[in-house]
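S.K.: Can you build the whole structure from these sequences, using the hints too?
Residue numbers (this note's numbering), protein chains in the order written: chain A, 1 to 263; chain B, 1 to 226; chain C, 1 to 216.
Hint data in this document are derived by calculation from the structure and do not stem from the laboratory. Treat each hint with caution, since some may be false.
A few chain B residues facing chain A, derived, Cβ under 7 Å [what the hints assert, rightly or not]:
| hint | residue |
| --- | --- |
| 1 | Thr87 |
| 2 | Asp123 |
| 3 | Arg138 |
These numbers were taken from a predicted model, which means no experiment stands behind them. Just so you know, even glycine gets a beta-carbon here, dropped at the ideal spot from N, CA and C.
Listed below are the residues making up each chain.
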Amino acid sequence: MSDLAHALPGPSPQIILKQVVKNFGATRVIDHLDLSIPAGQKVALIGPSGSGKSTVLRLIKGLEAYQHGSIEVAGAPVPAKSGGWHWPGAKKPPVVHRVGMVFQQFNLFPHLTVQENVTEAPLQVLRLSREEALERAHQYLGLVGLSHKADAYPAQLSGGQQQRVAIARALAMRPQVMLFDEVTSALDPELVGEVLAVIRAIAHEQQMTMLLVTHEMKFAQDIADRVLFMEAGRIVADGSPTEVLVDPDNERTRRFLNLVEQR
Amino acid sequence: MLFDASTLDTARFIARQLANGALVTLEITFFAQVVVVVMSFVIALMRLSPWRALRWIATVYVEILRGISALVLLFYLFFILPLFGITLAPMTTGILGLGLTFSAYGSEIVRSALSNVARGQRDAIKALDFDAITAFRRIILPQALPFMLPPMGNQLVELLKTTSLVSLITLSDLTFSGGQLITTLGQQTLIWSIVLVCYFVMAWPLSWLVKRYERRVTHWRRGVAP
Amino acid sequence: MNFDYAFAWSIVPDLFQGLLVTLQVVILGFLLAVLLGLLLAIAQRSKNALVQRLSYGYLSFFRHTPLMVQLYVLFFALPLAGLTLPAISTGVIGLGLYYAAYIAEAFRGAIEGVPAGQWEAARALDFDNATTWRRIVLPQALKPMLPVLGNYLIGMFKETPLLAVITIPELFQAAKQIAGMTYRYNEPYTVMALMFLAISVPTSLLFKYFERRSHV
Numbered sequence: 001m002s003d004l005a006h007a008l009p010g011p012s013p014q015i016i017l018k019q020v021v022k023n024f025g026a027t028r029v030i031d032h033l034d035l036s037i038p039a040g041q042k043v044a045l046i047g048p049s050g051s052g053k054s055t056v057l058r059l060i061k062g063l064e065a066y067q068h069g070s071i072e073v074a075g076a077p078v079p080a081k082s083g084g085w086h087w088p089g090a091k092k093p094p095v096v097h098r099v100g101m102v103f104q105q106f107n108l109f110p111h112l113t114v115q116e117n118v119t120e121a122p123l124q125v126l127r128l129s130r131e132e133a134l135e136r137a138h139q140y141l142g143l144v145g146l147s148h149k150a151d152a153y154p155a156q157l158s159g160g161q162q163q164r165v166a167i168a169r170a171l172a173m174r175p176q177v178m179l180f181d182e183v184t185s186a187l188d189p190e191l192v193g194e195v196l197a198v199i200r201a202i203a204h205e206q207q208m209t210m211l212l213v214t215h216e217m218k219f220a221q222d223i224a225d226r227v228l229f230m231e232a233g234r235i236v237a238d239g240s241p242t243e244v245l246v247d248p249d250n251e252r253t254r255r256f257l258n259l260v261e262q263r
Numbered sequence: 001m002l003f004d005a006s007t008l009d010t011a012r013f014i015a016r017q018l019a020n021g022a023l024v025t026l027e028i029t030f031f032a033q034v035v036v037v038v039m040s041f042v043i044a045l046m047r048l049s050p051w052r053a054l055r056w057i058a059t060v061y062v063e064i065l066r067g068i069s070a071l072v073l074l075f076y077l078f079f080i081l082p083l084f085g086i087t088l089a090p091m092t093t094g095i096l097g098l099g100l101t102f103s104a105y106g107s108e109i110v111r112s113a114l115s116n117v118a119r120g121q122r123d124a125i126k127a128l129d130f131d132a133i134t135a136f137r138r139i140i141l142p143q144a145l146p147f148m149l150p151p152m153g154n155q156l157v158e159l160l161k162t163t164s165l166v167s168l169i170t171l172s173d174l175t176f177s178g179g180q181l182i183t184t185l186g187q188q189t190l191i192w193s194i195v196l197v198c199y200f201v202m203a204w205p206l207s208w209l210v211k212r213y214e215r216r217v218t219h220w221r222r223g224v225a226p
Numbered sequence: 001m002n003f004d005y006a007f008a009w010s011i012v013p014d015l016f017q018g019l020l021v022t023l024q025v026v027i028l029g030f031l032l033a034v035l036l037g038l039l040l041a042i043a044q045r046s047k048n049a050l051v052q053r054l055s056y057g058y059l060s061f062f063r064h065t066p067l068m069v070q071l072y073v074l075f076f077a078l079p080l081a082g083l084t085l086p087a088i089s090t091g092v093i094g095l096g097l098y099y100a101a102y103i104a105e106a107f108r109g110a111i112e113g114v115p116a117g118q119w120e121a122a123r124a125l126d127f128d129n130a131t132t133w134r135r136i137v138l139p140q141a142l143k144p145m146l147p148v149l150g151n152y153l154i155g156m157f158k159e160t161p162l163l164a165v166i167t168i169p170e171l172f173q174a175a176k177q178i179a180g181m182t183y184r185y186n187e188p189y190t191v192m193a194l195m196f197l198a199i200s201v202p203t204s205l206l207f208k209y210f211e212r213r214s215h216v
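M.R.: Okay, here's the thing in structure tokens:
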């Protein structure tokens, strides 16, 4: 997978959020958030539901508009009025193609085969040749262990398999940053392992910057260089996995971790 | 009349007249359906567009055409437009009147199918940086079509039936031919009953096809709740 | 050709008479359609194969033929059967028979929407058939039916111009007569179209409003 190493770790942080505010109607979901993540870092976001973890990822990818502050990815701004459609040929926000995202609900294209799901964006968005796109599909479906399912339709796969296809689909765009939004939450417990194994392999092999929203504390501890604990749209704890997860000095973090362990 | 020596001739005469009328009916149905499909997409896309003015125009179009009936629109086009110096051939009037009326309903079918699919796939489309047109062409439309086709097919059956209205603006469709036969032969109940059966024979296979298509769920939706 | 407002205003009373006839036919026809539609829907669930077949045949036939031709047949066939009715009654029957087929289909869907467990629960409590329908199934099926029925009511109203073909003096016929007598088409048809819009658009908005409220 050395061809992914072109995601050069720059001298400056790769993701910068400054004083970002995001409201849904009257509700403030992100409250003057500051965050900076250097290239190549693996960051786990944890926290109670509704704390704004997923929104942070969606803001970085430009899926949501925000009301205040600024977001920068790989040196290019993510405009505050994101979220709409863009027209072909229109000046795209320069962060596109550099950020890949995987969702809780997989969001595969149900009318396309597994292989077509992976090749569609490289063909249509990156305008790669068919051979290049197929080669990428081959490479990344191999990486997630699903080469044998290339001709299946999403509805014929298990949830875990669908999620692995979604990961391959995102990787096929060769992003510098990968966002994982609670990718195991919609899965049956026995299928969680296979998806985590794939993400773990990517984390170890690739130089990519990774942000993961997860409820799997053990997993976060394993792969993350850094853990953020969020509550009510703010980051309330930020440190190494040991600092935040093993020996939290923050009372709220402790209470949350106790709750999670009890589940 | 049916039992004299010329019974066979009469039957042949009736059959020929009605067959000619049925052809006109099918012709009008076909061209009106072309108008329906085109306008349904235009209006649906206008209603989904980000520009308020377009949305507003489309909404007014739909509400007005749904508020008046096809017959009223046909008469309006047939009698009033000439007063403004626009004279359309009866055939054109029939096709436009029916096509526009049904496009108001058709646009709702197209719109709801498109927006349902777009809502479910919005995140995935944006996450892979598809532009709007590529997303529409490659992701949204192929998924929305199977949802549109059955209601569009049922609408086509309604359109076929409704073409009988054009007989009132002097087009010699199936119904008009029935009326003409009656002026020469009498026998109102018999002739009108035959006309009814003719419509049934044309419309029923259409809705049978629609039902069959509906049952044969496309392969990619297998295992997904309808 | 200009639009003569004074003339348009002068024909409003005549057209209004036509509108009253229209409303009368629509309301009576609607009642007939709902009753007959309900019977047809219940017949579709009958254990008697013949009753089921007949109901199915009725639905297919009426749904696959034009209302206008059905009206012609009724208009000429009823007297042959010894029934000489005023044209208005023929119109009510025609609209009722036609829309019953559509309303039956909607009823069928709504009845199928009542969970099977409800039938089983009713049987477990030893309800008889009629009581099960009346107290358990229909009340649950009827609620989602209301907006559908509303749409059919509006649909019927808009279909009434057809009644002119069997000489019923409804709104459309009134407009046609005025146009025929005065050789002015613009005003009668425009006022008529406005009258249709004035009734059908607010009614449709009202039903949409009810529908939205019942979803909340």
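S.K.: Min Cβ distance, B/Arg138 to chain A: is it shorter than 7 Å?
M.R.: holds, 6 Å
S.K.: Hint validation: B/Thr87 versus chain A, beta carbon distance must be below 7 Å. Holds or violated?
M.R.: Violated - the Cβ of B/Thr87 stays beyond 7 Å from chain A, reaching only about 41 Å at its closest.
S.K.: Does B/Asp123 hold up as a contact with chain A if the rule is Cβ-Cβ below 7 Å?
M.R.: For B/Asp123, the interface hint holds, since the closest Cβ of chain A sits about 6 Å away, which is under 7 Å.
In terms of the numbered hints stated before, the structure departs from hint 1 and from no other.
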